[in-house]
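Spelled out from the first residue to the last, the chains are:
There are 2 protein chains.
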Amino acid sequence: MAIGNTAESIGSKDADPATESGVERLIRTVGPDMERVNALIYAMAGSNVDLIPEIANHLVSSGGKRLRPMLTLASAHLFDATGDAHVKLAAAVEFMHTATLLHDDVVDDSAVRRGKPAARVIWGNQASVLVGDFLLGQAFKTMVEAGSLECLRILSTASAVIAEGEVLQLSGAKSLAKGEDHYMAVIEAKTAALFSAATEVGPVITGNSGAAQDAMRRYGLYLGLAFQLIDDVLDYGGNRDLLGKETGDDFREGKATLPVIYAYQRSDDADKAFWKRCIEDGEIRDEDLDAAIEKVRTTGAIDDTIAVARGFGKKATDALSDVPPSPLRDTLGDVVEFAIARAF
Amino acid sequence: MAIGNTAESIGSKDADPATESGVERLIRTVGPDMERVNALIYAMAGSNVDLIPEIANHLVSSGGKRLRPMLTLASAHLFDATGDAHVKLAAAVEFMHTATLLHDDVVDDSAVRRGKPAARVIWGNQASVLVGDFLLGQAFKTMVEAGSLECLRILSTASAVIAEGEVLQLSGAKSLAKGEDHYMAVIEAKTAALFSAATEVGPVITGNSGAAQDAMRRYGLYLGLAFQLIDDVLDYGGNRDLLGKETGDDFREGKATLPVIYAYQRSDDADKAFWKRCIEDGEIRDEDLDAAIEKVRTTGAIDDTIAVARGFGKKATDALSDVPPSPLRDTLGDVVEFAIARAF
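Chains G and Z are the protein sequences, given in the same order.
Quick note on my numbering: the first sequence kicks off at 669 and runs consecutively.
Quick note on my numbering: the second sequence kicks off at 669 and runs consecutively.
For reference, chain G alone in the conformation it holds in the complex:
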């Protein structure tokens, strides 16, 4: 299933609840607020300097899932949010994410982002770095408008942690020896920290702290970990029929993700040499991606990575038991199921 930009573009308002996925129901539930978030996002991308809205809108309109701001909205609505502070926070969360994407593409020398040419390919690395900085500045401005110092603490901490995770990833790039602990530290910082902050601000902006805040922090953290693990599984096709165009980015960039780490650990000498040549030396031939996909499957690396994701998914769902029951809480539970079911 494709996940699109707005409630209008995806979630049918009269969808059948019985067959609807967690994310479809999430989109339908937060749809009206997401329209406010989207309007704010376009306003935040505005500038008299033409290059800024040009680049920002290239990303903003490129069909990203907007999962993070939807999670912020849902988390706030769990605690009966009113007003517009949670809308501002949701837009800020999406801009933090967008700024990260712009810089990531520069760091990774990426050619493609969301099926379109990466901004850096069209406008260059210089503009991508600077417009990323602008979006981050706008994100902080918008958070400040939400008026909660505790939310600012949560989100500014996430901002530093995300960058720290990217540097950690860079320092272990193209290395198979760093192993599982390093990988987990990277994805916790670069991905799960923002999911966690995105959901933690929900109770806070509605005046809740203590157990509710801690529960939503953990929910986002574990969902983010599961989400990234499944993303990394999908880069090798998951357990689905292969869709060539969606696979192999991590492989080509020499990223030692968990499927690769597991497969490498279970390899004989010949296969270890294969992984070293591809991941560490970056010498990749035409047939290597297919061979890599074969190896991560036959060694059980894919299944075991999915099992790790399931473990975190369980923790995310458990965290929800510390917030009051509601249909929206059930939806957030189903979002966890959905994140993992993408692998199949």
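Rather than coming from a laboratory, the hints here were simulated on the basis of the structure.
Misleading hints may appear alongside valid ones.
Identical copies carry no separate label here, and so any pair may be met within one copy or between two of them.
Within a straight-line C-alpha distance of at most 25 Å, the following computed SDA-like cross-link-like pairs (lysine to any residue) qualify [as the list claims (entries may be wrong)]: (1) 846 / 916; (2) 784 / 794; (3) 923 / 937; (4) 923 / 789.
Please read these numbers as outputs of a predicted model, since none were measured by experiment.
With chain G fixed as given, assemble chain Z onto it according to the hints.
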């Protein structure tokens, strides 16, 4: 005169007030608080990811002037600051600046920063982008700890405006036709906005608003404009005996600063061709920098740029008349004189 890192390294505690420059007196006055700022800066640069303190300390220990955090401290002390909130804001201001330098060097392909190899030359563009992002995140975290939403508004707005100014500069790079208005818009955003925010937060963090806040906002704004104009004059040697190693960076990078814009506007066809070849086409020969310095002097471009800086310096000094008189206020007036006197 060189400006150094701390009060200890420069300002003699028993300096003769009659011969001391404004900046020397500023350093002496805020010295004790700057030691707290410096300790905080080193703490903020800490991380378990080794590459981060390595790169951050390369810049932090490279003898930058730390003029901006000193201005924040002085501005807060004008209004009898106590506690440590102003120290946190000063450190955050310096980190915002440091993050900008890391990204600027990537954008400008710079080889040298403060007389040392630029971080990007040693650790690469990727690490420079990501560590810049980390420093910005740490800056925001530290601002949040200061606990003032109004200061957060001021500084986050500056953060977005600075990036906007950098993009504006990029969009007009290597163009002589953009002219004086474009140049002024660039330096107001990329330089003066941070000076302005750095001084505006002084009254705010001490509980003052209204006229005091507006006065210190204007003081920093106009000081920042004067400061950048004189920096751009100094890149062509100012009116001093030439110091080859300090000149020509802007010229080599094709930056159409005000001295160049004025000289170009006053040129005959042959000289116009010279400037176009050097600035717009980037075809620079060994003897061209000397020729450029000759031209910006003989056309009066240097003198007239200094005159513009003097005009802003006057406005900065005038702004101080709206805050209560004190020896420290006089020192801030002398800082303006010092900023301009650097040209001679």
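Results for each hint:
| no. | hint | in the structure |
| --- | --- | --- |
| 1 | 846 / 916 | within (21 Å within a copy, 45 Å between copies) |
| 2 | 784 / 794 | both (19 Å within a copy, 22 Å between copies) |
| 3 | 923 / 937 | within (20 Å within a copy, 56 Å between copies) |
| 4 | 923 / 789 | both (21 Å within a copy, 24 Å between copies) |
No hint from the list above goes unmet by this structure.
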